[in-house]
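Got chain X; can you put chains L and Y on it based on the hints?
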Amino acid sequence: MGDFSAEVISHIDRNYIMELLKKGERSDGRAFDEYRPIEIQVDVVPAKADGSAIVRLGATSVIAGVKVLVGEPFPDTPDEGVTMISAEMAPIASPLFEVGPPKEDAIELARVVDRGVRESETVDAKALCIESGKKVYMVFVDIYPLEHDGNLIDASSIASNVAVMTTRFPEMEMEDKEVVPTGKLIPIPIKNLAVECTITKIGQNLIIDPILKEEFVQDCRLTVSIDQNDNLTAMQKGGGSGPMSLKQIEAAIDMSLERSKDIRKLIEQAVRSKK
Amino acid sequence: MSPETRPDFLITPEGLRLDGRRPDELRPIELQCGVLKTADGSASIRQGKTYILAAVYGPRELHPRHLTLGDRAFLRCVYRMATFSVPDRKKAAPSRREREISMVMTNALEPALFLEEFPKTVIDVFIQVIQADGGTRCASITAASLALADAGIPMRSLVPAVAVGKADGKLIVDLGDEEDKYGQGDVPIAILPRTEELTLLQQDGYFTREEFLEAIQMGITACKYIHELQKDALKRAYAKRAPEGSEEEEEGGAGYENDLEADIGDSDYDEEDER
Amino acid sequence: MVPGQLLAEGRYHASTGTYSETDGKVYSALVGLAELRGNTVEVVPLEGAYIPREGDLVIGTITQVAGNNWKVDIGGPYEASLHANNALRRPYDEDISRYMNIGDVICAEVITFDRNSGPFLSMKGRGFKKLTEGMILEVSPAKIPRIIGRQGSMINMIKDLLHIQTVVGQNGRIWIRASDIPTLRIAVKAFKMIEEQAHTSKLTDRIDLMLQEEKAKLKGTQGARVENEKDDSEKEDSN
Numbered sequence: 041m042g043d044f045s046a047e048v049i050s051h052i053d054r055n056y057i058m059e060l061l062k063k064g065e066r067s068d069g070r071a072f073d074e075y076r077p078i079e080i081q082v083d084v085v086p087a088k089a090d091g092s093a094i095v096r097l098g099a100t101s102v103i104a105g106v107k108v109l110v111g112e113p114f115p116d117t118p119d120e121g122v123t124m125i126s127a128e129m130a131p132i133a134s135p136l137f138e139v140g141p142p143k144e145d146a147i148e149l150a151r152v153v154d155r156g157v158r159e160s161e162t163v164d165a166k167a168l169c170i171e172s173g174k175k176v177y178m179v180f181v182d183i184y185p186l187e188h189d190g191n192l193i194d195a196s197s198i199a200s201n202v203a204v205m206t207t208r209f210p211e212m213e214m215e216d217k218e219v220v221p222t223g224k225l226i227p228i229p230i231k232n233l234a235v236e237c238t239i240t241k242i243g244q245n246l247i248i249d250p251i252l253k254e255e256f257v258q259d260c261r262l263t264v265s266i267d268q269n270d271n272l273t274a275m276q277k278g279g280g281s282g283p284m285s286l287k288q289i290e291a292a293i294d295m296s297l298e299r300s301k302d303i304r305k306l307i308e309q310a311v312r313s314k315k
Numbered sequence: 096m097s098p099e100t101r102p103d104f105l106i107t108p109e110g111l112r113l114d115g116r117r118p119d120e121l122r123p124i125e126l127q128c129g130v131l132k133t134a135d136g137s138a139s140i141r142q143g144k145t146y147i148l149a150a151v152y153g154p155r156e157l158h159p160r161h162l163t164l165g166d167r168a169f170l171r172c173v174y175r176m177a178t179f180s181v182p183d184r185k186k187a188a189p190s191r192r193e194r195e196i197s198m199v200m201t202n203a204l205e206p207a208l209f210l211e212e213f214p215k216t217v218i219d220v221f222i223q224v225i226q227a228d229g230g231t232r233c234a235s236i237t238a239a240s241l242a243l244a245d246a247g248i249p250m251r252s253l254v255p256a257v258a259v260g261k262a263d264g265k266l267i268v269d270l271g272d273e274e275d276k277y278g279q280g281d282v283p284i285a286i287l288p289r290t291e292e293l294t295l296l297q298q299d300g301y302f303t304r305e306e307f308l309e310a311i312q313m314g315i316t317a318c319k320y321i322h323e324l325q326k327d328a329l330k331r332a333y334a335k336r337a338p339e340g341s342e343e344e345e346e347g348g349a350g351y352e353n354d355l356e357a358d359i360g361d362s363d364y365d366e367e368d369e370r
Numbered sequence: 004m005v006p007g008q009l010l011a012e013g014r015y016h017a018s019t020g021t022y023s024e025t026d027g028k029v030y031s032a033l034v035g036l037a038e039l040r041g042n043t044v045e046v047v048p049l050e051g052a053y054i055p056r057e058g059d060l061v062i063g064t065i066t067q068v069a070g071n072n073w074k075v076d077i078g079g080p081y082e083a084s085l086h087a088n089n090a091l092r093r094p095y096d097e098d099i100s101r102y103m104n105i106g107d108v109i110c111a112e113v114i115t116f117d118r119n120s121g122p123f124l125s126m127k128g129r130g131f132k133k134l135t136e137g138m139i140l141e142v143s144p145a146k147i148p149r150i151i152g153r154q155g156s157m158i159n160m161i162k163d164l165l166h167i168q169t170v171v172g173q174n175g176r177i178w179i180r181a182s183d184i185p186t187l188r189i190a191v192k193a194f195k196m197i198e199e200q201a202h203t204s205k206l207t208d209r210i211d212l213m214l215q216e217e218k219a220k221l222k223g224t225q226g227a228r229v230e231n232e233k234d235d236s237e238k239e240d241s242n
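Chains as they are written, first to last, in the numbering used here: chain X, 41 to 315; chain L, 96 to 370; chain Y, 4 to 242.
Source of the hints: derived by calculation from the structure; they are not laboratory data. Keep in mind that the hints are not guaranteed to be accurate.
[As the list claims (entries may be wrong)] Simulated crosslink set (DSBU-like; lysine-lysine; CA at most 30 Å straight-line):
1. Y:220 to L:330
2. Y:133 to X:62
3. L:132 to X:277
4. L:265 to L:319
5. X:62 to Y:192
6. X:63 to Y:162
7. L:215 to Y:218
8. Y:162 to X:62
9. L:132 to L:144
10. Y:28 to Y:74
11. L:186 to X:224
12. Y:195 to X:62
13. Y:218 to X:63
14. Y:132 to Y:74
15. Y:162 to Y:218
16. Y:192 to Y:162
17. Y:220 to Y:162
18. X:314 to L:186
19. Y:192 to L:330
20. Y:127 to X:62
21. X:314 to X:301
22. Y:220 to Y:132
23. Y:74 to L:132
24. L:330 to Y:28
Excised from the complex, chain X in its bound form (with noise of 0.2 Å):
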């Protein structure tokens, strides 16, 4: 994560936070399966995305904004859409960022937050097709973190999906082997909606939606997302080399499949608001 020497966290700050996990509380007063305080902002571009929205968890916050562009569909599914989510760890959301090109970490939050949402079906991919083999939709999604407080993962989920569902994108025909806007409006065809959630180690400790401060301190994470039948769709274990054990693997999913219910309550909340 760069060469800032504030990466050195300090054994006070370790230990502060493992003393209190011990007596099983956290530094902001959370339960160990407690999201911190979640808001939920739809269509911030208006004039400009096709969807958008801004998510706050905590002191954390995220913006996602969605983009549908006519293209050529992948030559191994010439009669599906296709979804593209990238995200950006720009330097304006922490001192932790550098300047330049994406890292690795970019790279993996794109990938985790990408793998959730196309492991899921959320998109309804043959529905964006417009002509089979030569043109469909695609759907480009983009988050850029403005404040990095921990868990950028979850909060990008939750943004990107609230952009995605919330889209209105102009509807393309052919005509004469030409693509052109029928006058209307549509939205993304949704099929499914996954909600992904972190889960850190700490110790023999699992507490979900890490502040930076525990992230300093984990010994890894693990992020499952889970679709609205209480599927697993998919997981990425990562944030640290720490190993852990299949009853810890359990405890996590268990966690997960609980909090995910508010989540997504909030996203279906949040979609509904738009009208």
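This is chains L and Y only, laid out in the frame that chain X set:
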């Protein structure tokens, strides 16, 4: 978003612009400080539909070391547009236009800063354009100078900026997106308000000598108005933090003075405190 | 005051946070509160990075061991150095990491800092040592004078009311040790409140009031717990 087409005229027979403004009228402007908590200083600007965030980090250690200046701080501006901030999705990688604007912003802000106060450091200014509807480089400078003040960077003054131009033969202030694209000229300027010296000056299009000088005068007048809004935003930001019933600024200053003298003296970590 | 604002003209001189031009007028360079001291005018900033001054007490984290020096992160744009001669009694081991290593937190004094070099720290003197236990709270360095108060009035009030130990670093770091977590949280709340409202007056009174209220609340819940235990044990007796 429907595809954009060139409007039939930019100034109506009644002398009004596309959005109903008079030629010398600015779009509604909203400025706010302290909007991004991770940064040392920050500001947001809404100017019509243009919406931009500015964050300042610094002075801080500079990496890579070879950019360090021995006698002053290195000012680094990075201007980036979100892919979804414009109607045709902008590619994620920095474009030449973004790099040029980054450089021009640095030149516009430098004369206002006391960089000699912090040798061998960097002051980073990060601009994230969320929605672009004309005048983004000027709005960025306006927001950036506010963010610098919010971060406590010593400055000669704030730096207001605005773009003047020409449409259908008339000189206009604060170009909107279509006026920028389809008008007859674009002159972005930034000034140091007290002396009216220009720190940013670019021009494209066709102007007679008289037209050009008149345009600059209109720009300076508009900048002075924007400067009042900037000062207002700063005052609001710290007035907000005072609870109800606390005295006015003057008295507050005196009260503060009484408590201000710090006894730096001894550390109060005594030998006796050790167990 | 905001940057560029006219503060004074004529016989006044510019001091910190201000500048003067050839026209003899003094202007603010910062967002802050203006003060007249004699015939100088200065602006006390509301924000700003930590710029070390000789004599400052700072709290830092060791980030590197390089020969006979430790590199210390004290916040702000300048990394500090601490030479073993200024921390250890001779003779000392060649491998100084045995005494203090990466991640250790120290409280030390800035002994040298100028444009060309430093800052350099020293731990010789009363009270400078490695800190352990407790927690470190980071606040804006510009607010530290307010947190200390005139001759320590604010910090001492907080320490006395809550029975806690603190070390306040000029670099915006405050080390706090309390006997329990709820008390620690009240202390953090107090410091954050001062940070928010540093530029207002009658702050000491408001902090005092807040602390009294929070302490009462704490006693309340503790009292209730004791009462419940008493009830339970009485119930058992009567059975």
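When you check the alpha-carbon spacing of residue 215 of chain L and residue 218 of chain Y, does it fall within 30 Å? violated (47 Å)
What's the verdict on residue 330 of chain L and residue 28 of chain Y, does the C-alpha distance respect the 30 Å limit or exceed it? The hint holds at about 22 Å.
Would you mind confirming whether the straight-line C-alpha gap from residue 220 of chain Y to residue 330 of chain L stays at or under 30 Å? With Cα atoms ~36 Å apart, residue 220 of chain Y and residue 330 of chain L exceed 30 Å; violated.
Given the hint that residue 63 of chain X pairs with residue 162 of chain Y, test it: the Cα-Cα distance must not exceed 30 Å. With a Cα-Cα distance of about 24 Å, the restraint between residue 63 of chain X and residue 162 of chain Y holds, given a limit of 30 Å.
Starting from residue 314 of chain X, check that the Cα of residue 301 of chain X is at most 30 Å away, please. holds (21 Å)
Regarding the pair residue 220 of chain Y and residue 162 of chain Y, is the alpha-carbon distance no greater than 30 Å? holds (18 Å)
Does the structure keep residue 132 of chain L and residue 144 of chain L at a Cα separation of 30 Å or less? Answer holds: residue 132 of chain L to residue 144 of chain L is near 24 Å, not above 30 Å.
Mind checking the alpha carbons of residue 28 of chain Y and residue 74 of chain Y for me, to see if they're no more than 30 Å apart? violated (43 Å)
Checking one constraint from the list: CA of residue 132 of chain L to CA of residue 277 of chain X, max 30 Å. Satisfied? holds (29 Å)
Within a Cα-Cα threshold of 30 Å, do residue 218 of chain Y and residue 63 of chain X meet the stated pairing? holds (21 Å)
Is it true that the CA of residue 162 of chain Y sits at most 30 Å from the CA of residue 218 of chain Y? holds (13 Å)
For the pair supplied as a hint, residue 195 of chain Y and residue 62 of chain X, is the alpha-carbon distance within the 30 Å limit? holds (26 Å)
Of the hints listed earlier, those the structure fails to meet are numbers 1, 7, 10, 20 and 22, in rising order.
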